[in-house]
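Sequences are here, hints too, so could you generate the full structure?
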Amino acid sequence: MGEGTIGGMTPPPQSNRSSSQSPSASHPRGNGLPLGTVDRTDCNPESQWDNAPNPFSRVLTASEPSAKDRFVRAVRTLVVTLALTAILFAGVFFGKQFLLAQLVAGFDDLDAAGKQARLTQIASFGLDAVEPLAGKLANEEDAVSVAAFTLLQQLQNDWITLSPAAAQAAHSRLIESIATAFRRPSEQAGIPGPAQRGRASELLRQSILEFSSAPSQTPELLGAANDLLAELDGPASTNAMLANSPVQLRSAPRRHSVAKVARLATPVRQSGWTDWPPPTSTQTAQIVRSGARRASVEQASLADQADMSATLTAPASLQALPRGVMAPLQQITSHEPVASSSPAVAAHRPVSRVIQVSADADAPIETLSEAGTLEKVSNSSDAANERGYPELTARGFSKSQLESAAKWSNAAAEERIAMISSLARSGELGTEPWLSYAINDPDRRVRLEVVGALEKSRGAAVSAGLRKLLAGETDPHVAARIRRILDLF
1 MGEGTIGGMT PPPQSNRSSS QSPSASHPRG NGLPLGTVDR TDCNPESQWD
51 NAPNPFSRVL TASEPSAKDR FVRAVRTLVV TLALTAILFA GVFFGKQFLL
101 AQLVAGFDDL DAAGKQARLT QIASFGLDAV EPLAGKLANE EDAVSVAAFT
151 LLQQLQNDWI TLSPAAAQAA HSRLIESIAT AFRRPSEQAG IPGPAQRGRA
201 SELLRQSILE FSSAPSQTPE LLGAANDLLA ELDGPASTNA MLANSPVQLR
251 SAPRRHSVAK VARLATPVRQ SGWTDWPPPT STQTAQIVRS GARRASVEQA
301 SLADQADMSA TLTAPASLQA LPRGVMAPLQ QITSHEPVAS SSPAVAAHRP
351 VSRVIQVSAD ADAPIETLSE AGTLEKVSNS SDAANERGYP ELTARGFSKS
401 QLESAAKWSN AAAEERIAMI SSLARSGELG TEPWLSYAIN DPDRRVRLEV
451 VGALEKSRGA AVSAGLRKLL AGETDPHVAA RIRRILDLF
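Read in order, the letters of the sequence shown are residues 1 to 489 in UniProt numbering.
Note that these hints are calculated values from the structure, not bench results.
Do not take every clue at face value.
Quick list of the computed label-pair ranges, beta carbon to beta carbon [to be verified]: (1) G114 / R76: 48 to 56 Å; (2) K468 / A195: 26 to 34 Å; (3) A412 / T161: 33 to 41 Å; (4) A195 / D111: 19 to 27 Å; (5) A460 / A113: 28 to 36 Å.
Simulated pairs of lysine to any residue, SDA-like, Cα-Cα distance not exceeding 20 Å [to be verified]: (6) K68 / T85; (7) K96 / D128; (8) K115 / A195; (9) K96 / K68; (10) K96 / G106; (11) K96 / V80; (12) K115 / A143; (13) K115 / I191; (14) K468 / R484; (15) K115 / A105; (16) K468 / L486; (17) K399 / M419; (18) K68 / L78; (19) K115 / L99; (20) K115 / F93; (21) K96 / T85; (22) K468 / G452; (23) K115 / V146; (24) K399 / E415; (25) K115 / G126; (26) K468 / A479; (27) K115 / V104; (28) K115 / L155; (29) K468 / S422; (30) K96 / L155; (31) K399 / A418; (32) K468 / E455; (33) K96 / P65; (34) K68 / P55; (35) K96 / R173; (36) K96 / T161; (37) K68 / V80; (38) K96 / A86; (39) K115 / E131; (40) K68 / V79.
Ideal placement from N, C-alpha and C gives every residue a C-beta, glycine not left out.
Structural data, given as C-alpha cells:
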C-alpha cells in the first residue's frame, strides 16, 4: 500500500483553502474558543457540574461527645431510673393501703355474712391487717368479734415461723392495736362487752406464752401485755404467764398482785395414772370405822392434827397377805421429823411435760405394739435390743428406721428434729408407729416438726391419726397447727 492510504483507501483530496479563508477564520470566536472548536456549554447546560464534586457523596465527620456531655447524660438517666423506681414502690405501698382503707370504709354497710367475708379479705393483707382486725375484735356484734378473733389467732399461729425479731415486732403491733381498740373504742364498734374482752385477753395470753421462756429479752412486750391484760380482766387477772420472771408490771395498782406461781412455759400433759408424786395435802389419811358418827370423826381429825407424831400405819407384812385377809393395825410412834403443813416449795423447776409411760413396759417384746417396741428398744439394755431388732425387722422396719430409733433416746431436741426431717425426705415416715412415738416428744418444736412432716403425706390414715392427736393435745401451738392441716378453722 502506498503512502497516504489508510487500510487500502485513499483519502479524498484536500483543497487548498488557505488563500480563500475569510479574515475572521484566523481569529477566535466571541466566546473565547478558537475557530472550529465546539462549545459544549452552549449545547448542554448541565455540563457545568461535571467537574464539580458530588454533594451527596460527601462523608461528614463523626461528632464525638465530650466527657461533660457523657456525664450529664448518665446523671439524667440515673435520675429518671430512680424516679421511676420510687414511683413504682410508692404505688405498690400506697395502693395496698388504699385498697385496705376502701375495704374497711365500706364495712359497716354490709350484712353479717358480708362482714365475715370482708374480714377474710382484710386478713389477706397480712401484718397490715392487724389494726383493722383488732378494731373489729371490739365490735359489739358477737359474730364480727368472733370472726376477727379467729383470724387474729390464725395470724398468731403463722408468726411462729418468723424470726425472733420479726415475731416480736408482730406481737408488739398486735398488743398496741388491741390497746388502741379497747382503750379508745370507736363509735361504730360500740363499747366492748365481757365476751370481746375475753377474746382480747386470750390473744394477749397467747403472746405472753410465746415469749415467756425468755422474759429478759422482751421485757417491754411482756410488761405492756400484762398491763393491758390487767385492764381487760380486772384485778383478779391471772399472772401465771408472767410467773417468776423478772418482768414487773408498770402500773402501780397491780404490783402487789403478782402471784408466786411456777411459770407455765408450755402446758403440762398429765396422765390419769402416772401422777407421781401425788399432790400434797394438809389433811391426814384416816381410817374410819363403819357406823361412826360425824362428830366423832371430826374429833378424831382434830386429835390427829394436834398430835402429828402418832400415826396409824400398816405393817409391812400386810403386803404379803392374800386377798381378803386383813391384819390389825398397830399404833407406832415415829421418831422421824414430820413435815409441816405449810406448802412445800420445789427445789428445782418441774419438767414442763410428763412423758406417758407405757403400761406394758414389762411385757414381752413380741406382745408390744410397734410404738411400744420402738420405745423399749431405744431405752433398754443390749439384751432387749437383741430381741427387739429382729422383731421390728420382721414387722417391716428398715435399717435406717431402726438406727433412728436407737439414737432417739440420747439425742437432743435439734438432733431429733433433724432425724424427723431426714425421715420425711426419705419417704419412710409412716402414720404408725412414728406418729404415736414421735408426737409425744416433750419438746414442742419436735412435735411441730412431726405434724409438719405428716402434712406432706395427707391421707385418710394420717387425718384419722391427727384427729386422734388433736383430741388429747393441750399445747395451743401444736393444736393450732393440726387444725390448720385438717381445715378445722
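- Task: Sort out which numbered hints this structure fails and list those numbers smallest first.
- Result: Hints 3, 6, 9, 11, 20, 29, 33, 34 and 36 contradicted; others consistent.
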